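Sequences are here, hints too, so could you generate the full structure?
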Amino acid sequence: MTRFKYTIATFLVASLFFVRCGEGGQGSNGALTSNAAERVYVAPGEHDEFYAFISGGFSGQLSVYGLPSGRLFKVIPVFSQDAEKAYGYNEETRPMLNTSHGFIPWDDSHHPDISQTAGELDGRWVFINGNNTPRIAKVDLSLFETTEIIEVPNSAGNHSSAFVTENTEYVVAGTRFSVPIPQRDMPISEYKGNFKGALTFISVDPEDGGMDIKFQLIMPGFDYDLSHPGRGKSHGWFFFTTYNTEEANSLLEVNASQNDKDFIAAVNWKKIEEYVNNGGGTLMPANYAHNVYDESTQMATSTMKKEVRVVNPADVPGAVFLLPTPKSPHGCDVDPSGEYIVGNGKLSADLTVHSFTRMLEAIENEKYDGDAYGIPILSFEDVLAGTVSQPGLGPLHTEFDGEGNAYTTFFISSEVVKWKLGTWEVVDRQPCFYSVGHLMIPGGNSRKPFGKYVVAMNKITKDRYLPTGPEVTQSAQLYDISGDKMELLLDFPTVGEPHYAAGIAADIVKARSKKIFELKDNKHPYGVSTDADVRVERDGKDVHIYMTTIRSHFNPDNIEGVKVGDKVYFHVTNMEQDYDVPHGISMIGANTSELLIMPGQTETFVWEPKQPGVWPFYCTDFCSALHQEMQGYVRVSPANSNTELTWSLGE
Amino acid sequence: MMFAAALLPLLLFVFPLWKITLEAPQYPTPLGMYIHINDFTDANPHDIKNINLMNHYVGMKYIPDAIPEFKIFPIGIILTSLIGLLIAWKGTYKWYLYWFLMMLLVSSAGLVDFYLWEHDYGHDLDPRAIMKFTNPDGSVMGFQPPFFGTKHILNFTAHSYPQAGAYFLAAGILLGFVAYRMGRRSKHKITA
Numbered sequence: 001m002t003r004f005k006y007t008i009a010t011f012l013v014a015s016l017f018f019v020r021c022g023e024g025g026q027g028s029n030g031a032l033t034s035n036a037a038e039r040v041y042v043a044p045g046e047h048d049e050f051y052a053f054i055s056g057g058f059s060g061q062l063s064v065y066g067l068p069s070g071r072l073f074k075v076i077p078v079f080s081q082d083a084e085k086a087y088g089y090n091e092e093t094r095p096m097l098n099t100s101h102g103f104i105p106w107d108d109s110h111h112p113d114i115s116q117t118a119g120e121l122d123g124r125w126v127f128i129n130g131n132n133t134p135r136i137a138k139v140d141l142s143l144f145e146t147t148e149i150i151e152v153p154n155s156a157g158n159h160s161s162a163f164v165t166e167n168t169e170y171v172v173a174g175t176r177f178s179v180p181i182p183q184r185d186m187p188i189s190e191y192k193g194n195f196k197g198a199l200t201f202i203s204v205d206p207e208d209g210g211m212d213i214k215f216q217l218i219m220p221g222f223d224y225d226l227s228h229p230g231r232g233k234s235h236g237w238f239f240f241t242t243y244n245t246e247e248a249n250s251l252l253e254v255n256a257s258q259n260d261k262d263f264i265a266a267v268n269w270k271k272i273e274e275y276v277n278n279g280g281g282t283l284m285p286a287n288y289a290h291n292v293y294d295e296s297t298q299m300a301t302s303t304m305k306k307e308v309r310v311v312n313p314a315d316v317p318g319a320v321f322l323l324p325t326p327k328s329p330h331g332c333d334v335d336p337s338g339e340y341i342v343g344n345g346k347l348s349a350d351l352t353v354h355s356f357t358r359m360l361e362a363i364e365n366e367k368y369d370g371d372a373y374g375i376p377i378l379s380f381e382d383v384l385a386g387t388v389s390q391p392g393l394g395p396l397h398t399e400f401d402g403e404g405n406a407y408t409t410f411f412i413s414s415e416v417v418k419w420k421l422g423t424w425e426v427v428d429r430q431p432c433f434y435s436v437g438h439l440m441i442p443g444g445n446s447r448k449p450f451g452k453y454v455v456a457m458n459k460i461t462k463d464r465y466l467p468t469g470p471e472v473t474q475s476a477q478l479y480d481i482s483g484d485k486m487e488l489l490l491d492f493p494t495v496g497e498p499h500y501a502a503g504i505a506a507d508i509v510k511a512r513s514k515k516i517f518e519l520k521d522n523k524h525p526y527g528v529s530t531d532a533d534v535r536v537e538r539d540g541k542d543v544h545i546y547m548t549t550i551r552s553h554f555n556p557d558n559i560e561g562v563k564v565g566d567k568v569y570f571h572v573t574n575m576e577q578d579y580d581v582p583h584g585i586s587m588i589g590a591n592t593s594e595l596l597i598m599p600g601q602t603e604t605f606v607w608e609p610k611q612p613g614v615w616p617f618y619c620t621d622f623c624s625a626l627h628q629e630m631q632g633y634v635r636v637s638p639a640n641s642n643t644e645l646t647w648s649l650g651e
Numbered sequence: 652m653m654f655a656a657a658l659l660p661l662l663l664f665v666f667p668l669w670k671i672t673l674e675a676p677q678y679p680t681p682l683g684m685y686i687h688i689n690d691f692t693d694a695n696p697h698d699i700k701n702i703n704l705m706n707h708y709v710g711m712k713y714i715p716d717a718i719p720e721f722k723i724f725p726i727g728i729i730l731t732s733l734i735g736l737l738i739a740w741k742g743t744y745k746w747y748l749y750w751f752l753m754m755l756l757v758s759s760a761g762l763v764d765f766y767l768w769e770h771d772y773g774h775d776l777d778p779r780a781i782m783k784f785t786n787p788d789g790s791v792m793g794f795q796p797p798f799f800g801t802k803h804i805l806n807f808t809a810h811s812y813p814q815a816g817a818y819f820l821a822a823g824i825l826l827g828f829v830a831y832r833m834g835r836r837s838k839h840k841i842t843a
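Protein sequences appear in the order of chains A and B.
The numbering of the first sequence is our numbering, which starts it at 1 and goes up by one.
The numbering of the second sequence is our numbering, which starts it at 652 and goes up by one.
No lab work stands behind these hints, which were simulated from the structure alone.
Remember, predicted model here, so these are calculated numbers, not experimental data.
If a hint is listed, it holds; no wrong ones were tucked in.
Below 27 Å or equal to it, Euclidean Cα-Cα: the simulated DSS-like pairs (lysine-lysine) are:
#1 B:Lys700 - A:Lys523
#2 B:Lys722 - B:Lys712
#3 A:Lys420 - A:Lys452
#4 A:Lys520 - B:Lys700
#5 A:Lys520 - B:Lys712
#6 A:Lys514 - B:Lys700
#7 B:Lys741 - B:Lys838
The following block contains the structure:
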């Protein structure tokens with residue numbers, strides 16, 4: 001017993017010693033805590049606690065990381081062609097990148113947001129905006145693939161997007177650049193009063209996620225920067241930050257920075273929805289692409305839509321209000337309760353927080369401070385909840401931990417600042433390396449954030465990693481926010497330039513992740529379900545090869561009778577039904593990418609042989625021990641030859 | 652009791668008889684196959700297809716969709732159960748012993764058949780097999796799964812164990828014997 005007491009005493013002394021050491025360590029080690037490595041270490045074979053979907057910015061894609069490890073799992077191609085996965089190259093997915101301007105191989109992907117049910121993340125889809133040629137994409141989280149892209153007409157610089165309402169009723173896409181609506185040839189100098197900004201509400205089918213533009217709100221010619229939905233008490237509203245309320249059309253860095261206050265536009269979308277459901281608004285001619293990938297046929301189709309419903313805010317009194325907000329605000333963030341609307345005035349010394357309750361009161365009392373093009377402006381003092389005084393320089397974006405704390409990035413002072421909702425006091429700050437843009441708390445755009453980590457996404461890294469010539473990586477930084485003080489745990493490089501991210505507890509998503517495509521459900525028009533159906537068919541100059549792959553051969557693997565000038569379609573079905581056994585195929589001289597075909601899937605590439613000869617193709621994915629043997633030949637004869645069309649395997 | 656003994660083997664139509672499981676590092680979820688009285692089924696979707704794919708490398712035949720046994724065994728079980736029921740209804744305890752012995756014989760025949768099939772499956776290899784392995788003594792390596800128990804075969808660990816159906820069959824057979832013993836005891840008691 002005595003000995004036991006001694007042991008306890010020794011243990012306590014030791015603990016105290018370690019605690020003191022820990023504190024000392026923190027002090028001398030700057031931001032980095034002593035056991036950071038342990039806290040981000042996910043042992044081999046173990047899974048991360050969170051998925052992080054981090055936008056690729058100018059890469060046009062969406063990367064999937066694990067948190068807390070910062071390990072990269074996949075880059076989901078969304079708006080840019082991806083030769084690795086044949087996305088935008090194969091016949092099945094090329095229509096995904098169709099637009100009213102034709103096929104576009106790239107975009108600038110910005111703000112992912114995860115679908116919600118009752119204000120909580122449901123993990124079914126990620127929506128993300130294409131900024132340059134305005135589009136909204138939907139990534140299906142059972143496949144981790146892009147399954148729908150809708151172009152947004154009347155928009156330009158689709159930036160205040162793609163945020164979802166709390167039951168995913170809508171995914172919202174606001175224009176950054178105002179433009180003539182409809183587009184027309186006119187002097188740029190006549191911008192003011194003539195250019196308009198479209199805020200687009202895209203309905204989402206609750207069953208299959210199908211997107212459709214419900215209406216476009218045609219707003220004054222400001223720049224609409226970012227947006228967020230109301231939630232809880234403010235569900236039914238949507239909030240957009242604006243800048244360039246000066247309506248300048250040149251040298252915006254000066255001319256759009258003159259007003260002390262710009263606006264947060266508050267849109268009562270439920271009211272407009274009701275108006276539209278009762279026949280309100282005008283159908284105007286338009287031309288925009290709607291591209292849908294069908295999982296059963298495994299093919300995308302692109303449909304051009306020819307009209308869109310537009311709504312003039314002046315026609316729906318009480319639906320749109322302007323909240324004065326200093327100064328050129330960037331992020332527009334709503335806290336988990338739905339009460340506070342944070343305007344991150346990037347040129348302001350203070351951070352402005354509006355009160356939803358006070359906004360409703362001011363509207364009720366019709367206390368307006370003028371109007372802009374007929375839209376009532378509320379008085380700043382009437383809607384203000386509070387101000388975080390001098391928290392840093394260049395606030396961009398705020399997220400919430402669900403415990404009454406907010407975390408704001410400051411681009412210029414390069415830090416994340418933690419402050420308290422309600423008291424507006426700053427409680428902690430941590431440096432970012434360097435020039436942080438956005439930040440993400442998993443579930444941060446919902447009623448129920450998972451307030452354990454914050455990921456800061458930095459625009460500049462300079463010396464933080466091994467140099468790689470003039471172009472160096474962008475970076476994400478992971479902070480533990482479970483304690484009173486934020487603790488920097490990890491730096492990790494990102495793909496492209498992340499502008500935003502969305503995170504979710506892995507358990508919500510991973511059980512739904514598909515392992516294979518069932519062959520029996522494969523309805524691809526050129527797919528085959530048994531080896532008895534493999535064949536080669538000629539239709540004029542088109543040659544269709546119905547091919548299968550299974551470890552470790554192509555069927556057929558010898559084809560003769562193809563001629564110079566033919567257009568040869570390789571329709572390749574992967575007959576495997578085992579998890580993680582893709583096959584690839586590539587053809588010498590084909591002016592396209594490889595195919596990478598998942599089990600049960602059919603994909604198609606086109607080869608136009610230019611010279612007679614015998615040309616090999618092979619499997620590009622190391623599929624099995626006999627992968628190197630997985631190869632075949634196509635005999636190409638001169639255009640005028642009479643070589644019979646034959647195909648075989650193992651003869 | 653004899654009724655129960657005669658009926659228990661019929662549960663073979665509900666529960667599998669045997670299961671063969673193949674473990675390997677790249678199969679975190681092992682491949683598995685249930686052997687029923689009238690069918691082979693996947694433990695997890697597509698397992699048999701994937702077992703066939705693995706086995707073709709060493710020249711093993713595909714596991715057939717159907718084998719003659721799938722017709723013979725069900726008839727055998729139904730017949731023996733019917734006989735058992737008839738005995739339970741009309742027969743004396745001595746007949747219970749005959750039924751028990753018959754069932755032992757029939758089951759042993761089934762097991763021998765299973766062993767022979769396994770042996771053939773593991774040894775009748777395609778001479779053009781992609782990979783050929785030899786034993787240390789130079790003979791051609793066989794890939795017969797274990798008849799009962801666990802065995803290492805190249806990169807796989809194979810397990811072969813009876814399943815619920817087999818236990819019900821065994822229980823039925825044993826119960827037949829118990830019925831005989833009890834019948835004999837009560838008979839002796841009466842005569843004593």
